[in-house]
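Number of protein chains: 2
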Amino acid sequence: MPIELYYWPDIQGRGEFIRLALEAADADYIDVARSKPGLPALFDLLQSTAIDQPPFAPPIVKVDGLVLAQVANILLYLGPQLGLAPTDEAGKFWAHQCQLTIADLVSEVHDTHHPVGGGLYYGEQKAEALRYAVAFRSERLPKFLNYFESILERNPAGDTCLIGDRLSYVDLSMFQMIAGLIYAFPKAMARVGVQVPRLLALHDRVALVPNVTRYLRSTRRLAPNNDDIWRHYPELDD
Amino acid sequence: MPIELYYWPDIQGRGEFIRLALEAADADYIDVARSKPGLPALFDLLQSTAIDQPPFAPPIVKVDGLVLAQVANILLYLGPQLGLAPTDEAGKFWAHQCQLTIADLVSEVHDTHHPVGGGLYYGEQKAEALRYAVAFRSERLPKFLNYFESILERNPAGDTCLIGDRLSYVDLSMFQMIAGLIYAFPKAMARVGVQVPRLLALHDRVALVPNVTRYLRSTRRLAPNNDDIWRHYPELDD
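Chains A and B, in that order, give the protein sequences.
Numbering-wise (UniProt numbering), the first sequence opens with residue 1 and increments by one.
Numbering-wise (UniProt numbering), the second sequence opens with residue 1 and increments by one.
A hint or two may mislead.
Identical copies look the same in the list; a pair holds intra-copy or inter-copy alike.
Said to hold, decoys possible - Think about it this way: if two alpha-carbon atoms lie no more than 20 Å apart in a straight line, the pair counts; the simulated EDC-like pairs of lysine to aspartate or glutamate are:
1) LYS143 <-> ASP52
2) LYS92 <-> ASP44
3) LYS126 <-> ASP10
4) LYS92 <-> ASP204
5) LYS36 <-> ASP104
6) LYS187 <-> ASP238
7) LYS92 <-> ASP52
Hints were generated in silico from the structure; no laboratory data involved.
Bear in mind the structure is a predicted one, so any value in this text is a computation, not a measurement.
My request is simple: use the sequences and hints to build the entire structure.
Right, here's the structure in full:
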């Protein structure tokens with residue numbers, strides 16, 4: 001039975017963290033809203049009153065008879081079966097903790113263009129976005145990236161991977177984050193990037209993992225765009 | 001060896017989700033920054049370069065030789081040993097998923113008074129806060145609360161608890177969220193509250209759990225205040 005992923009069909013978004021893990025593991029999965037059932041299947045799932053354990057928002061994964069939501073929770077579940085998580089208990093919690101901190105950064109990236117609320121268009125909150133983005137680029141972005149750089153630097157198993165010495169879902173998520181940030185804030189990333197060489201090298205290394213390369217070159221990998229979390233509005237960059 | 005909690009000593013904040021679980025379980029713990037080692041011990045921990053697995057931000061818990069951060073991650077670890085989590089695998093992931101959705105709501109509550117950035121005072125972003133709060137009260141708050149109400153309503157074990165039929169860390173966190181929201185947005189909560197009677201009843205029931213009542217009446221429970229996540233600024237309420 002293939003794993004079913006339910007996510008918006010036109011953006012990378014939060015779903016991409018799940019797609020990358022499934023693709024890197026060459027898992028048997030269906031991206032439902034981009035397959036034959038299409039977007040209505042996602043809406044049906046979100047609106048179903050028959051689910052005892054309803055999801056709040058996509059991405060949602062159906063696996064082993066469970067309906068799981070929240071990116072980090074999904075990866076906590078799938079990681080071991082995809083061979084993309086540490087096998088020891090301490091390592092599992094550490095990987096999950098890192099994933100949750102990546103999730104915090106995702107929210108802040110989203111808020112650079114939607115600081116007032118998701119119900120309004122960017123154009124309706126551009127003044128606030130300009131102000132938010134200044135604080136994001138000068139304080140938050142360097143703080144988060146230097147933090148993740150320090151994880152690579154301190155990893156007793158070396159700076160090839162974030163967790164231990166084997167590719168994990170956290171490395172894949174970090175690849176996505178760095179790729180998204182370079183798309184959205186090329187100038188700020190050129191500035192901050194010099195402080196985090198290990199993170200940039202990790203990004204480049206993950207892109208060369210054969211299953212990842214194959215995915216990135218396929219039509220399954222959606223192009224970045226300005227309906228996504230990582231948006232390129234030059235006025236929000238350095 | 002007591003569990004050590006490291007969190008800001010003057011606010012409930014995100015640390016309160018951990019404090020409530022420890023108190024409800026009558027666990028042997030030290031709230032380090034509020035005890036003899038004091039706040040410097042928290043800063044030492046945050047600035048230490050000797051930790052292979054550094055925390056990004058408080059709350060932080062030292063337990064079983066681990067240094068854990070991220071509220072939901074800490075509760076995922078502590079829940080089973082405190083007897084405050086389901087014992088089956090599916091239940092554990094469901095409880096964790098709910099906790100992560102509570103965490104999302106915590107961030108949005110925080111952003112009602114800090115929509116531009118944590119590095120600026122409220123007074124420096126009041127115009128943006130007024131706008132954010134309108135969308136929060138009219139859309140996000142009802143959406144989140146009706147979602148959690150539906151979890152109680154759909155729980156096959158009844159609407160006494162969010163997860164199964166035993167008190168869990170998710171119920172304790174929901175108590176804290178409702179208490180904070182009533183403090184911060186009394187008028188909006190009077191309006192939205194009528195839609196979520198099960199959630200309000202859960203809040204009242206949790207407050208009567210003997211260990212919780214004892215904690216709430218003790219000096220260990222900090223008073224809500226306007227340095228916290230849940231702040232009462234009348235201009236941000238209905």
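How the hints compare with the structure:
| no. | hint | result |
| --- | --- | --- |
| 1 | LYS143 <-> ASP52 | between (40 Å within a copy, 18 Å between copies) |
| 2 | LYS92 <-> ASP44 | neither (33 Å within a copy, 25 Å between copies) |
| 3 | LYS126 <-> ASP10 | neither (23 Å within a copy, 35 Å between copies) |
| 4 | LYS92 <-> ASP204 | neither (24 Å within a copy, 35 Å between copies) |
| 5 | LYS36 <-> ASP104 | neither (33 Å within a copy, 32 Å between copies) |
| 6 | LYS187 <-> ASP238 | within (6 Å within a copy, 41 Å between copies) |
| 7 | LYS92 <-> ASP52 | between (27 Å within a copy, 15 Å between copies) |
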